[in-house]
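Trainee: Residue numbers (full-length UniProt numbering), protein chains in the order written: chain A, 1 to 342; chain B, 1 to 342.
FYI, nobody ran anything at the bench for these hints, they're computed from the structure. There may be inaccurate statements among the hints.
Once the Cα atoms are required to be at most 25 Å apart in a straight line, the calculated DSS-like pairs of lysine-lysine come out as [claimed, not checked]:
no.: 1; chain 1: A; residue 1: K149; chain 2: B; residue 2: K210
no.: 2; chain 1: A; residue 1: K210; chain 2: B; residue 2: K292
no.: 3; chain 1: A; residue 1: K326; chain 2: A; residue 2: K275
no.: 4; chain 1: B; residue 1: K210; chain 2: B; residue 2: K275
no.: 5; chain 1: B; residue 1: K149; chain 2: B; residue 2: K58
no.: 6; chain 1: A; residue 1: K149; chain 2: B; residue 2: K52
no.: 7; chain 1: B; residue 1: K303; chain 2: A; residue 2: K73
no.: 8; chain 1: B; residue 1: K275; chain 2: B; residue 2: K303
no.: 9; chain 1: A; residue 1: K210; chain 2: B; residue 2: K149
What follows is the residue order along each chain.
There are 2 protein chains.
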Amino acid sequence: MNCVRVGRWVKRYSNSRSRSHFPAFPERRRPMSSPSSSPIEEILKPTSFNFKIYVAQKANTINRALDAAVPLKDPMEIHNAMRYSLLAGGKRICPLVCIAACELVGGTEPMAMPAACSVEMIHTMSLIHDDLPCMDNDDLRRGQPTSHKVFGEAVAVLAGDALLALAFEHIASSTVGVPSARIVGGIGQLARFIGADGVVGGQVADLTSKGQSEVRFEHLEFIHLRKTAAMLEGTAVLGAVLGGGSDEEVEKLRTFARYTGLLFQVVDDILDVTKSSEELGKTAGKDLVDDKVTYPKLMGIDKSREFAEKLKEDAQEQLSGFDPDKAAPLVALADFIAHRSN
Amino acid sequence: MNCVRVGRWVKRYSNSRSRSHFPAFPERRRPMSSPSSSPIEEILKPTSFNFKIYVAQKANTINRALDAAVPLKDPMEIHNAMRYSLLAGGKRICPLVCIAACELVGGTEPMAMPAACSVEMIHTMSLIHDDLPCMDNDDLRRGQPTSHKVFGEAVAVLAGDALLALAFEHIASSTVGVPSARIVGGIGQLARFIGADGVVGGQVADLTSKGQSEVRFEHLEFIHLRKTAAMLEGTAVLGAVLGGGSDEEVEKLRTFARYTGLLFQVVDDILDVTKSSEELGKTAGKDLVDDKVTYPKLMGIDKSREFAEKLKEDAQEQLSGFDPDKAAPLVALADFIAHRSN
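Bound-form chain A, shown alone (with noise of 0.2 Å):
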C-alpha cells in the first residue's frame, strides 16, 4: 500500500459516489487575511482559537440539549435505556460537526442544534446495536458497561430503535429558524448516509470479515468508509444543508468529513493496540481477540501512523477556501483526532 496515494484514493472512491469534482487545492472564494501564504498554510496557521475551551463549552450546550430531548418520563424503562447510553459522555464529535459545518457556511449554532442532539442519538444507536452479543459483543463502552449488559438484549435493541426513531423527530419537530425545504434536504440526506449503503451497510461487511484469513486493503476501506466516515458525512452535510451551504460548500464538508472519520478509524485501530482498557474507556486488544482486521494489522504501527497524518491533512486541505477563523474549530477537530490518546 502506498501512503502517499492514500488521498487520490480516497478521493476518486468519493468521487464515484457523486459527481462532483473538487480540486485539490480548491480556489479561494474568501478574502485571506495574508496574500502571500497559500490557502492550506492559512488554514494552519497559529490562531488564537482554543480548542479545548471551545470543545468544553460546546459539550456542555450539547449534553445540556440531549437531556432536554430525552427526558425521563413514561414508559420510564426504554427511556431510562435511551438515556443511560446518550448521557454516557463521549466525544460528541458528531453534534460538533453539525454545529461547525451549519456556522462555517453562514448558519448559526440553535439552527443546528437540534440536528446535533439527532446525529449523536443515531451514532449512540449505532453504537448500542453494534456492542450487541449477536454483533461485536462488547461489555464495555465509554467507561461503562453496555447497554445490554444492563438492561438485556431486547430493551438494548428497543432503545437503538427509540433513538433512531427520535432523531427523525427531532429534527423534523425541533429545528426553527430554517426553511423547510433545508429540512427535508438534510433529513433525506443524513438518512442515505446511516442506511445500508452507508454506516449498516459498513457494519455488515465488518461482521462477514471477521476471522477471514485474507482481507485485502480495499475491504477495510469499503467498511471504514461506511461504518465509520459515512456517519461524519452524513453529519456534516445535515449541518451545511440547514446552514444553507451552496452546493460545492457542502461537498467539501463532506469530503473533509469523509477524510476525518477514516481519520478517526485508522487511529482507533492504533489505540486498540497501544493502550489498556482503562484508558480507552473500553476493552482494548479486542481487535487481535476477535482476529479483525485492522490498520495496523494490514500495515503495521508505523505505516497506520502515517497514513493517519496523511488522511489528516486531506482533510484540512477540504477547509482552505473557507474563512480562517470559522474554519478554525474543523481543523483543530481533525488535528485532535490525528493526536487522541483514547
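We have chain A already, so just place chain B on it with the hints.
Mentor: This is chain B only, laid out in the frame that chain A set:
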C-alpha cells in the same frame, strides 16, 4: 369490563394525548346524497365500491413501488435481507391507509406513494426486531422463516435498522408535488408514533408483561394502543398531512386509525386461539405457550368479539363527515380487519 364503554374509554385515552375533542358524530361538513339518513348510516350504505378489487389494485402498485425502492444491489447481504422481509407479502394495511388518508383529504396517490412505502418499511422493521430470539423469538412470519432464521441475528437487527433509515430517506427524497412544510410535519408526526412513546414503548411494555399472572385490562390497552395502533395512527396522520388535510381532518383520521389498530390486535388475539399456523402463516397458539396476556384470556372469546365489533363501529364513525365515496376504502378496511380469517 363493560364493552359498551370501550369506545368511550379509548376516546378518553385518545384525548389525553391530544387536546382536540371529537364528538361521537362529528358535524357533517359535506353534502350527503340522502338528507334523511344519519352520517353513520350514510357512510355504511352499500355502494358499488369493491374492496377486493381496490386492495388488489393498490397492493399491486404498492408492491411494485416497494420493489423499486429497495433494489438488490451492493452490499448484497443487507439489501437481500431487507427485501426478503419487505417483499414477503403481508396485508399492506399501512400503505393502504396512508394512501386512502391522503386521498380522503384531497391529495393524490402519487403524493402519498413514497410515504406509503416508508410506513411498510417501518412496519417490517418492527416485525423483524420483534421476532428476534431476545424478544418474541418467532420462527415464522408471513408464512416464511423469520429474518434471523435465514440471515442470522446480526443481519436481522441491521436489516431493521437499514429499513428504518431508508423509510425516512424515502419520504424525504422521493416525495414529489407536496410542499416541504407538509413533508417535515409528516416526518415529525410519524417518527413520534413509532418511537418510545409509540410502537417501541408498546413492545417494551409487552415484553415486561410476559408471564405476569395479574395483568389488568388497562395495561393490555397501554401495550396495544402503542404497539399496534400507534403504527397505524402515524401512518394515517402522515398520509393526511401530506394530502393537505385540516387539523380536524387529520385528527379524525388519527382516531380512525387508533380504533382500527386496536381492532386489528383484538382480532389477532382471537385468531391466535381459533386458527392453525397454516391458516395464519405464522405460529398459532403462541400467546398461550408464551403465557401472554391477550383479549380472549382477559375477557373470553365472545366478549372479545363484541369488543372488536364496537371498535369497528367507533372507527367507522370517525369517517362520517367525509365524502362517502372517498371514505369507502377505509370503511371497508375496518370491516375487512374485523372479519378477516388470517
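Trainee: If a hint holds in the structure, say so; if it does not, say that too.
Mentor: Tested hints:
1. A:K149 to B:K210: OK: K149 (chain A) and K210 (chain B) at ~20 Å, within 25 Å.
2. A:K210 to B:K292: Distance of about 38 Å is beyond 25 Å: violated.
3. A:K326 to A:K275: Violated. K326 (chain A) to K275 (chain A) sits at ~34 Å, over the 25 Å cutoff.
4. B:K210 to B:K275: Within the cut-off at roughly 22 Å; holds.
5. B:K149 to B:K58: Measuring from Cα to Cα gives roughly 30 Å; hence the hint is violated.
6. A:K149 to B:K52: Status violated; Cα separation ~49 Å.
7. B:K303 to A:K73: violated, 34 Å
8. B:K275 to B:K303: Holds, at roughly 18 Å.
9. A:K210 to B:K149: holds, 20 Å
Comparing the model with each numbered hint stated earlier shows that hints 2, 3, 5, 6 and 7 do not hold.
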